Amino acid sequence: MLLRREVRTSGKGVVEITSMVAEAVDESGIKEGLCTIFVRHTSASLVIQENADPGAVRDLEAWFERAVPENDPLYTHTQEGPDDMPAHIKSALTASSLAVPVDGGRLALGTWQGIFLWEHRSTPKRRQLVIYLQG
Amino acid sequence: MLLRREVRTSGKGVVEITSMVAEAVDESGIKEGLCTIFVRHTSASLVIQENADPGAVRDLEAWFERAVPENDPLYTHTQEGPDDMPAHIKSALTASSLAVPVDGGRLALGTWQGIFLWEHRSTPKRRQLVIYLQG
Amino acid sequence: MLLRREVRTSGKGVVEITSMVAEAVDESGIKEGLCTIFVRHTSASLVIQENADPGAVRDLEAWFERAVPENDPLYTHTQEGPDDMPAHIKSALTASSLAVPVDGGRLALGTWQGIFLWEHRSTPKRRQLVIYLQG
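Protein chains in written order, with this note's numbering: chain C, 1 to 135; chain F, 136 to 270; chain A, 271 to 405.
Because the hints were derived from the structure by calculation, they are not lab data. Small disclaimer: the values here were computed from a predicted structure and weren't measured. Some clues are possibly wrong.
To be verified - Facing chain F, from chain C, some residues (calculated, C-beta under 10 angstroms):
(1) G33
(2) I48
(3) N51
(4) D53
(5) P73
(6) V102
(7) G135
To be verified - Derived coverage of chain A by chain F (criterion: at least 3 residues anywhere in the stretch with Cβ under 8 angstroms from a Cβ of chain F; other residues may be distant):
(8) 336-346
(9) 381-391
Don't be surprised by glycine CBs; every beta carbon is placed ideally from N, CA and C.
Given these sequences and hints, build the entire structure.
What follows is the structure, given as structure tokens:
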């Protein structure tokens, strides 16, 4: 079963999508199987991270911002804005697709795991996901 | 088919799990299909690397340790210890899930490829994996 | 359905394989499902990136080359050449496997997304892919 979803972002930062993905699993009715999430962009990506302390994802964002800064003289692809090339690099460093097993009708995530869409552009966007459910 | 496995780690470093995953493939009886491995943690991750020369994974670990050091003044999420926030970042830079095709009843890995669980915390842990087999 | 493919590379750099993967989807006849691509090497990897402006992937390559340089005194695994250990690290930072949903018989890629094999070694190689199609 293939489901399409849209996530609204508000500039750089992660947006938790665990509930949205869990609802897709519910909708599929699958009890045991695999849930694959795919992001249809090259300047937004997916990551599984701790969702207990918001400080953890803030530090993650800060580390990536320092490692892949805007206005690096290395960049030649600058016509789409200073945040565009860093967005592509950050996407390559994280994931375009994630697979999470489904067990007993639920995502088999660990206690502290949340699924996040990571917006790497500065302005709000509508981001498209495709969720594939099998089982 | 969904299998749960536990891996004991002894502090920072990779643990090869290729045999464990190959045994799961055997147990499933699948001849042609896909094996997906998922780690239920945000401070341990998965990576496929060369398993011939142990120096290769040691250098990989050393590069990550230098790129994502402990006690970076950037971190605010420090209450779980100096190794916790680097563990989250290293996990985001590698993988929470991996998919390896199964062909002729065996993992279709290349000659030099091994599957590793990467422990990013300093103390020994029991890490949970979920392996999903289809075919 | 499991298909094997070979990609010829000409030294460091990305090679777009979107058409090759799309042809595998065609060959499978699958209308709705999932296409998983796996690279059988630890010194070449997979990445989804913008395929409109070639400058974007060039900058991506340049950023990785600077972040993971050759001849870093950190490396001990040097017997296979100065480009080998950086190749392993770059592979760990990107992906060994990618999953792309198939919808209406086509890869559900976004408008700007292309699938690339990333050669991290300096000399031309023949790289092996396994493509698994389900649906």
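Verification of the hints:
This hint holds: G33 of chain C has a C-beta 7 angstroms from the nearest C-beta of chain F, less than the 10 angstroms allowed. Given hint, I48 of chain C at the interface with chain F, holds; its Cβ is 4 angstroms from that chain's nearest Cβ, closer than 10 angstroms. Proximity of N51 of chain C to chain F holds as hinted, the smallest CB-CB distance being about 9 angstroms (cut-off 10 angstroms). At about 6 angstroms, the closest approach between the beta carbon of D53 of chain C and any beta carbon in chain F falls short of 10 angstroms, and the interface hint on this residue holds.
Evaluation of the P73 of chain C hint against chain F yields a violated restraint, the C-beta minimum of about 21 angstroms exceeding 10 angstroms. Hint status for V102 of chain C: holds, given a least beta-carbon distance of 8 angstroms to chain F, under 10 angstroms. The beta carbon of G135 of chain C is positioned within 10 angstroms of a beta carbon in chain F (closest approach about 9 angstroms), and the interface hint is therefore held. Coverage of the segment 336-346 of chain A by chain F holds [criterion: at least 3 residues with CB-CB distance below 8 angstroms; count 6].
Remark: the segment 381-391 of chain A is not confirmed as covered by chain F, as 0 of its residues place a Cβ nearer than 8 angstroms to a Cβ of that chain, below the required three.
Hints 5, 9 from the list above are not met by this structure, while the remaining hints are.
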